[in-house]
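Peer 1: Residues per chain are reported as follows:
Protein chains: 2
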Amino acid sequence: MIMLDCGQMLPGDDMPGVDSVIPDMAFIRAHERSLKAIWITHAHEDHIGALPYVLPMLRKDIPIYVSEFARELLKEKLREYRLEPNFVTYEGRRRFRIGTHFEIEPIAVTHSMVDSFSAAIRTPAGVAIHSGDYKMDPSPPDGVAFDHYAFARYSEEDDDGVLVLLNDSTNVDRRGSCPSEAEVVPKLSQLVADAKGTVILSCFASSVHRVQTVMRIAAANNRVVFPAGLNMERIIRVARELGILDVVCDYRDDLRGVEAVPRSRRMILTTGSQGEPLSALSRIALGSHRHVKVTPGDTVIMSARMIPGNERAIYNIINNLSKAGAIIHDERSTPGIHVSGHGYRDDVKHMINLTNPQFLIPVHGEHRQLISQRNLAIEVGMEPEEVLIIENGDVVQISKAGTKILGKVPHGRVLVDGKGIGDVGEVVLRDRRHLAEDGMVLVTVAIDHETGELVSGPDIISRGFVYEDESRAMLDAAKQIVINAMEEESVSAREDISVMQATIKKALRKFFKQETERFPVILPVVLEV
Amino acid sequence: MIMLDCGQMLPGDDMPGVDSVIPDMAFIRAHERSLKAIWITHAHEDHIGALPYVLPMLRKDIPIYVSEFARELLKEKLREYRLEPNFVTYEGRRRFRIGTHFEIEPIAVTHSMVDSFSAAIRTPAGVAIHSGDYKMDPSPPDGVAFDHYAFARYSEEDDDGVLVLLNDSTNVDRRGSCPSEAEVVPKLSQLVADAKGTVILSCFASSVHRVQTVMRIAAANNRVVFPAGLNMERIIRVARELGILDVVCDYRDDLRGVEAVPRSRRMILTTGSQGEPLSALSRIALGSHRHVKVTPGDTVIMSARMIPGNERAIYNIINNLSKAGAIIHDERSTPGIHVSGHGYRDDVKHMINLTNPQFLIPVHGEHRQLISQRNLAIEVGMEPEEVLIIENGDVVQISKAGTKILGKVPHGRVLVDGKGIGDVGEVVLRDRRHLAEDGMVLVTVAIDHETGELVSGPDIISRGFVYEDESRAMLDAAKQIVINAMEEESVSAREDISVMQATIKKALRKFFKQETERFPVILPVVLEV
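Quick mapping for you: the protein sequence lines, in order, are chains L and Z. Per the working numbering, the first sequence starts with residue 1, numbered consecutively. Per the working numbering, the second sequence starts with residue 1, numbered consecutively.
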């Protein structure tokens with residue numbers, strides 16, 4: 001067995017308090033002896049982010065195959081978790097024998113992440129190619145081209161060609177080809193050339209391509225580049241040390257020196273393009289950044305995609321920057337300042353043509369996108385039955401003779417919250433959502449264990465329900481409701497705590513519904529003394 | 001005083017449990033005697049939605065000026081709240097004297113809502129025009145044209161022209177002109193003509209224009225239209241009764257008859273384009289709709305904008321429909337199936353040219369959009385000082401001699417939750433968010449009021465914190481932590497309940513942080529017996 005990538009998903013609004021969503025490892029742990037390697041295609045979080053949680057579950061010596069840049073980022077990341085795994089560094093076109101049955105060749109692709117690769121996996125049954133994430137960029141800033149030949153070699157020179165292609169589906173719905181990273185140069189250059197004050201440009205820290213592009217534009221416009229945010233500074237340092245980033249401009253990694261540079265020559269490179277509340281850009285927008293203040297006439301360029309779900313946070317930042325007098329450009333207001341890292345439908349078709357697989361499995365997309373890729377494959381000549389739409393956990397058997405879904409293995413999402421992995425499940429989330437909707441009301445009473453008489457309380461505490469000071473009268477009335485409900489019960493019922501709890505809960509639920517149309521979590525505590 | 005529109009905002013994810021966000025009425029209530037009318041430009045929720053909450057705060061006889069369609073929708077809506085206000089129905093070009101100082105003329109505009117109007121308000125100081133929401137649609141489905149002449153009359157024939165224009169800023173960042181509603185006809189027609197199975201089309205129920213367009217396409221393709229969802233059925237009925245909607249197709253308002261029509265002739269018109277979980281479309285996608293089932297080859301057309309923040313819910317529906325075998329078209333995958341209701345930047349410029357105001361106040365947009373409209377105004381010849389960027393609550397004095405911000409009146413957002421208006425504020429929301437993040441832990445102990453000895457407990461109940469069954473050992477350890485913490489206190493401290501509560505809280509917070517890296521709300525209940 002090989003594990004190909006090991007990513008995390010960021011939790012949605014329906015998962016309050018959850019830090020990360022990672023894959024269920026039950027099947028792999030049960031068959032750990034068969035696991036010969038973890039193969040990482042590139043260093044984006046949705047491909048590496050689960051490793052800090054997953055590695056401690058596995059034996060320490062499992063080799064992790066990575067490109068150079070991915071290795072360096074992973075090293076720093078895993079060090080925070082005190083993990084020092086067994087890395088094997090690969091480069092394009094170099095083949096690795098893994099276990100008895102596999103040979104893997106990394107094939108260089110272009111993507112928004114530098115040092116990204118597809119994986120061609122030779123098995124006794126035939127060759128499987130996993131595309132990883134890719135676009136077909138004819139002019140990437142680092143000059144490392146998409147390796148068309150290495151793909152074509154498998155389809156043209158290999159006796160049996162490619163048995164199966166697993167192909168990225170992210171942008172199957174976008175027409176044409178994904179523009180080159182070079183396509184952002186004209187617009188960004190113009191904006192920087194026109195800027196009179198400080199230029200603040202935000203992008204993903206991991207986007208070394210974009211950083212390279214921006215540094216070239218800074219140099220051409222005689223601007224001094226400062227990084228804002230630890231992550232930006234760190235990635236620039238790593239990429240520079242590996243020779244992946246060519247720092248062609250005046251670059252100073254200490255923001256304390258920013259005041260010494262005139263505003264018309266400053267360029268701040270920052271993260272926070274998704275509205276992250278703790279990012280440097282967010283602090284700049286709120287006026288609380290220690291070194292960077294926005295003054296009227298400054299230019300802010302959000303050189304990134306607005307990821308759906310983040311719009312509100314992003315527009316909050318934009319509005320604050322706007323109030324501070326900045327001129328703001330984002331991908332919606334100013335086309336041409338960002339390009340995607342994933343191929344569009346023509347690129348997806350090119351990949352199918354290039355590898356000419358006997359079977360295709362669309363991956364890395366939602367169901368509707370997998371279906372869309374099947375339609376593209378049919379347009380370029382594949383038969384519908386040659387394209388497999390599969391779901392998480394499916395076990396697929398593939399041979400020249402055909403394909404078969406053999407069954408399902410345990411799979412699913414595991415939630416990470418603080419130190420807990422998997423201890424937050426649907427029940428806990430449902431409680432959290434319920435608490436968030438209407439808050440909670442805690443009622444405490446103490447009753448005599450012999451007579452069932454009320455000896456203390458009821459006391460009522462609420463959180464997230466109503467503003468207690470203003471709703472004092474209603475909460476006092478609620479106490480009376482509790483007393484009445486208890487008194488209506490028989491003496492024998494009063495001796496049973498669970499009956500009393502249910503009685504209190506029922507009476508209060510009805511009362512609060514009628515008074516407020518709200519349904520708080522009601523927690524009755526009945527103490528027998 | 002006139003109140004112009006009275007809308008609600010839908011709460012964001014940062015306001016759990018909140019049903020609606022309405023304007024603070026403190027200032028208007030304090031000056032209610034001066035309030036002569038509420039003037040409604042059109043029937044969208046962000047212009048009428050606060051009325052059910054606001055009207056009970058005001059005197060009953062305040063006239064509400066509305067167009068015919070808005071009146072009918074409002075009547076039904078307010079009936080649910082047992083409100084029967086004093087409606088005055090207006091139509092375009094008919095002037096109304098209001099109070100001593102105002103005369104208002106409604107001017108017909110085109111918009112995604114039928115029966116939409118701008119308001120030209122003549123005052124002793126000059127004419128103010130409030131644009132309302134508009135686009136400049138040369139071919140609206142109902143044939144009611146944008147009334148260019150009525151606007152131009154104020155700028156050309158009025159002695160002093162227009163003093164101030166308050167102008168919609170929604171789409172100031174979109175280039176060119178907003179396409180006509182007629183522009184959706186070719187693509188929708190093609191999709192319906194190509195469809196082999198049932199066609200399910202979702203749009204906003206209030207979008208009578210879109211319903212009209214779809215009914216024409218249904219007629220041309222010999223399809224029978226059924227409404228799914230009460231709201232859709234209701235609005236079609238109201239619009240039809242008013243003669244605004246021409247039901248040109250075979251329309252049957254009882255879905256129970258759908259099985260009698262062959263799939264190739266069915267067309268279901270439904271709401272749910274924003275992924276609303278209780279909508280007909282959502283139930284159809286989940287396979288739980290009583291009358292409509294998706295079978296492979298059916299076509300689903302999402303003929304609406306995806307409102308930012310709703311993407312996840314919308315894509316959930318799309319994925320479920322996709323798994324059921326439907327072919328799905330949304331505004332991102334299939335351009336040409338939706339157009340906006342708000343003018344683009346060229347339309348905004350046209351409005352400024354048409355009314356040629358002495359002053360301009362950009363409204364209906366975020367700060368960055370107000371700034372963008374100012375830039376457009378400067379492009380068409382206004383001076384920067386003639387464009388006022390104002391904030392909520394600002395009191396602006398405008399006369400031919402100039403403009404002045406006189407001050408600020410109380411303003412802000414008031415949250416509605418169930419029956420409560422304004423009783424959920426920042427404190428309650430903070431508690432809700434905290435509860436949602438990490439849940440809560442309730443600890444109960446009873447102590448002897450004389451000795452301070454523990455006589456019962458500690459008992460621990462948690463909600464939304466950890467899965468209790470699997471974390472039994474940790475929760476038991478937490479009990480011991482509580483006991484230890486209590487025992488370390490002096491006897492005198494043990495007699496003070498608030499000290500004991502603080503001690504328990506502190507000890508548990510530290511313990512849970514160390515064990516879980518989580519920070520639940522901790523509620524210690526200490527009973528003296």
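Please keep in mind that the hints were generated in silico from the structure rather than gathered at the bench. Check the hints yourself; a few may be wrong.
Copies of the same chain look alike in the list, so a pair counts if it works inside one copy or between any two.
As the list claims (entries may be wrong) - Here are the simulated lysine to aspartate or glutamate pairs, EDC-like style, with alpha carbons at most 20 Å apart: (1) K479 - E528; (2) K323 - E103; (3) K505 - D459; (4) K479 - D459; (5) K36 - E156; (6) K323 - E366; (7) K510 - E487; (8) K510 - E366; (9) K419 - D469; (10) K77 - E517; (11) K60 - E489; (12) K400 - E470; (13) K323 - D173; (14) K419 - E515; (15) K77 - E241; (16) K75 - D24; (17) K60 - D24; (18) K506 - D346; (19) K400 - E383; (20) K506 - D158; (21) K419 - E517.
Since we're looking at a predicted model, the values are computed, not measured.
Peer 1: With reference to the structure, classify each hint as holding or not holding.
Peer 2: Tested hints:
no.: 1; hint: K479 - E528; verdict: both (18 Å within a copy, 19 Å between copies)
no.: 2; hint: K323 - E103; verdict: neither (58 Å within a copy, 35 Å between copies)
no.: 3; hint: K505 - D459; verdict: both (14 Å within a copy, 19 Å between copies)
no.: 4; hint: K479 - D459; verdict: within (7 Å within a copy, 22 Å between copies)
no.: 5; hint: K36 - E156; verdict: neither (29 Å within a copy, 82 Å between copies)
no.: 6; hint: K323 - E366; verdict: between (38 Å within a copy, 10 Å between copies)
no.: 7; hint: K510 - E487; verdict: within (17 Å within a copy, 41 Å between copies)
no.: 8; hint: K510 - E366; verdict: neither (43 Å within a copy, 42 Å between copies)
no.: 9; hint: K419 - D469; verdict: between (37 Å within a copy, 17 Å between copies)
no.: 10; hint: K77 - E517; verdict: between (48 Å within a copy, 19 Å between copies)
no.: 11; hint: K60 - E489; verdict: neither (62 Å within a copy, 46 Å between copies)
no.: 12; hint: K400 - E470; verdict: neither (74 Å within a copy, 47 Å between copies)
no.: 13; hint: K323 - D173; verdict: between (37 Å within a copy, 17 Å between copies)
no.: 14; hint: K419 - E515; verdict: between (40 Å within a copy, 7 Å between copies)
no.: 15; hint: K77 - E241; verdict: within (17 Å within a copy, 65 Å between copies)
no.: 16; hint: K75 - D24; verdict: neither (23 Å within a copy, 53 Å between copies)
no.: 17; hint: K60 - D24; verdict: within (19 Å within a copy, 61 Å between copies)
no.: 18; hint: K506 - D346; verdict: neither (61 Å within a copy, 60 Å between copies)
no.: 19; hint: K400 - E383; verdict: within (15 Å within a copy, 73 Å between copies)
no.: 20; hint: K506 - D158; verdict: neither (72 Å within a copy, 68 Å between copies)
no.: 21; hint: K419 - E517; verdict: between (37 Å within a copy, 6 Å between copies)
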